[in-house]
Amino acid sequence: MDNEKAKELMLKYNSGELLGSEEERLLEEYIEQGIIQIEELSDLDQLKKGVAKIETPAPSDQLNAGFYKMLGEEKAMASKSFNLNEVINGWIERLGLSKGFVRLAYSLTLIIGGLAVGFLMNQGKTKEIQTLSAEMKEMREMMMLTLLEKESISDRLRAVSMTDEVGVNEKVVEALLQTLNNDDNVNVRLATIEGLYQYADNPKVREGLIQAITHQDSPLVQMALAEVMVALQEKRSVDELKEILKKENTPQEVKDKIEESIETLI
Amino acid sequence: MESISDNALMLKVKEGDLDKLGLLFERHKKVLFGFFYNMSHNAELSEDLVQNVFVRILKYKHSFKGDGQFKTWMFHISRNVNNDHYRKNKLGETDDIEDWQDRLGDKDADRAEKQEEDIRLLKRAMERLDQEKREILTLSKLEGMKYKEIGDVLSCSEGAVKVKVFRALKDLKKIYQVLHTQVYG
Chain A
0 MDNEKAKELM
10 LKYNSGELLG
20 SEEERLLEEY
30 IEQGIIQIEE
40 LSDLDQLKKG
50 VAKIETPAPS
60 DQLNAGFYKM
70 LGEEKAMASK
80 SFNLNEVING
90 WIERLGLSKG
100 FVRLAYSLTL
110 IIGGLAVGFL
120 MNQGKTKEIQ
130 TLSAEMKEMR
140 EMMMLTLLEK
150 ESISDRLRAV
160 SMTDEVGVNE
170 KVVEALLQTL
180 NNDDNVNVRL
190 ATIEGLYQYA
200 DNPKVREGLI
210 QAITHQDSPL
220 VQMALAEVMV
230 ALQEKRSVDE
240 LKEILKKENT
250 PQEVKDKIEE
260 SIETLI
Chain B
0 MESISDNALM
10 LKVKEGDLDK
20 LGLLFERHKK
30 VLFGFFYNMS
40 HNAELSEDLV
50 QNVFVRILKY
60 KHSFKGDGQF
70 KTWMFHISRN
80 VNNDHYRKNK
90 LGETDDIEDW
100 QDRLGDKDAD
110 RAEKQEEDIR
120 LLKRAMERLD
130 QEKREILTLS
140 KLEGMKYKEI
150 GDVLSCSEGA
160 VKVKVFRALK
170 DLKKIYQVLH
180 TQVYG
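Note that the protein sequences, when read in sequence, are chains A and B. In terms of numbering that gives the first Met the number 0, the first sequence has 89 at position 90, counting the first letter as 1, and numbering is strictly consecutive. In terms of numbering that gives the first Met the number 0, the second sequence has 118 at position 119, counting the first letter as 1, and numbering is strictly consecutive.
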């Protein structure tokens with residue numbers, strides 16, 4: 000019933016006839032309920048398309064320059080005045096601790112911390128601690144690289160998940176890219192993409208991710224890489240993505256996804 | 000791909016990993032620039048306002064809870080940035096229709112440019128639309144913005160967004176027709 004009434008009203012509107020105030024109200028109601036779409040009202044549809052045609056220029060390089068300058072300054076400031084308060088508040092929020100307990104813990108931490116610092120300073124061990132933590136990092140890195148070579152899939156997945164703790168240096172990036180391009184297991188390759196993505200601001204990682212596109216046969220991995228390229232707005236990957244489209248054995252849904260990604264990138 | 004969602008990145012920024020803001024900037028700078036540009040038609044100003052948005056994102060990073068969409072939160076901030084700018088500068092329409100006619104004079108002869116001129120006239124009509132209506136039409140033309148998402152940004156239902164778009168288009172049509180008569184007679 001409503002639909003017929005709506006159709007009639009729409010026809011009247013589209014014929015250019017003036018609507019009474021009650022009809023206007025009804026028309027809005029149908030639009031609100033989704034019975035009539037704005038796109039069905041020919042004059043407004045045309046106008047909406049016109050608005051869509053109003054071109055938006057691309058932002059200039061000045062935008063990037065300004066943003067990265069601001070970010071650099073913020074980072075410099077953040078590292079100068081490391082805000083202990085914020086970090087502690089974050090912990091409190093996460094642990095849901097009571098204020099009294101926090102105060103007590105805070106005082107105890109200060110006392111113990113003070114004692115510990117004094118003790119270590121006296122012993123002249125600060126340097127040793129630094130060396131120790133550097134060694135630990137090195138050990139973790141070695142462990143990660145060893146696990147990556149293991150036959151067990153879960154070992155390799157564990158290695159990839161260690162990317163967070165180890166961070167990336169040339170050796171780690173190389174090993175991860177090697178895994179991305181050569182590992183037999185799809186899950187390991189997908190996890191590697193996630194691991195590498197976090198370090199996409201590193202030019203070598205970015206380049207590696209782009210190069211990896213043509214090495215992949217698995218639709219899942221291809222789509223994940225396409226998604227990453229869109230997320231990174233990496234225009235340089237368009238050629239590699241087109242290579243996948245050219246392959247005969249690429250499934251249609253992958254092709255659709257890639258085409259969509261290419262469109263977004265261009 | 001959970002680890003690469005906008006929300007995950009923003010939570011990292013909140014924890015102090017400021018580099019992740021770079022990724023969010025790369026993902027959203029274009030759509031934000033589009034928002035400000037369509038509101039002001041001033042590229043330089045739009046770039047400044049995009050930057051202001053990211054300055055505010057950093058400033059208010061602790062208020063990001065991660066329970067809603069990052070994009071919605073970002074557009075809340077963007078609308079505030081835009082409103083603050085207009086409040087401060089009280090921008091009025093400065094471009095007279097007479098100037099417009101002068102500029103049109105030479106080109107009018109060229110019929111091939113007729114459609115282009117129509118779009119320019121429409122752009123002019125958009126500039127004359129009141130800010131709230133211009134905003135709803137701008138949001139609905141942005142790439143990837145669905146009525147539902149606009150509703151989240153404006154804190155109203157999808158149906159209400161459709162009605163707002165409908166009313167804005169009706170107003171735009173009136174303004175466009177007035178301009179059209181003034182220019183083409």
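These aren't lab readings, by the way, just hints derived from the structure by calculation. Hints may contain errors.
Covered, in the sense of this in silico footprint (three residues per stretch, anywhere, with C-beta under 8 Å from a C-beta of chain B), are these stretches of chain A [as the list claims (entries may be wrong)]:
no.	stretch
1	9-19
2	43-52
3	166-179
4	226-234
Quick list of the computed label-pair ranges, beta carbon to beta carbon [as the list claims (entries may be wrong)]:
no.	chain 1	residue 1	chain 2	residue 2	range
5	A	L107	B	G143	47 to 53 Å
6	B	D129	A	G112	55 to 61 Å
7	B	Y183	A	D216	57 to 63 Å
8	B	Q181	A	E72	44 to 50 Å
Even glycine gets a Cβ: it sits at the ideal position worked out from N, Cα and C.
Identify every previously stated hint that the structure contradicts and give their numbers, smallest first.
-> Violated: hints 1 and 3.
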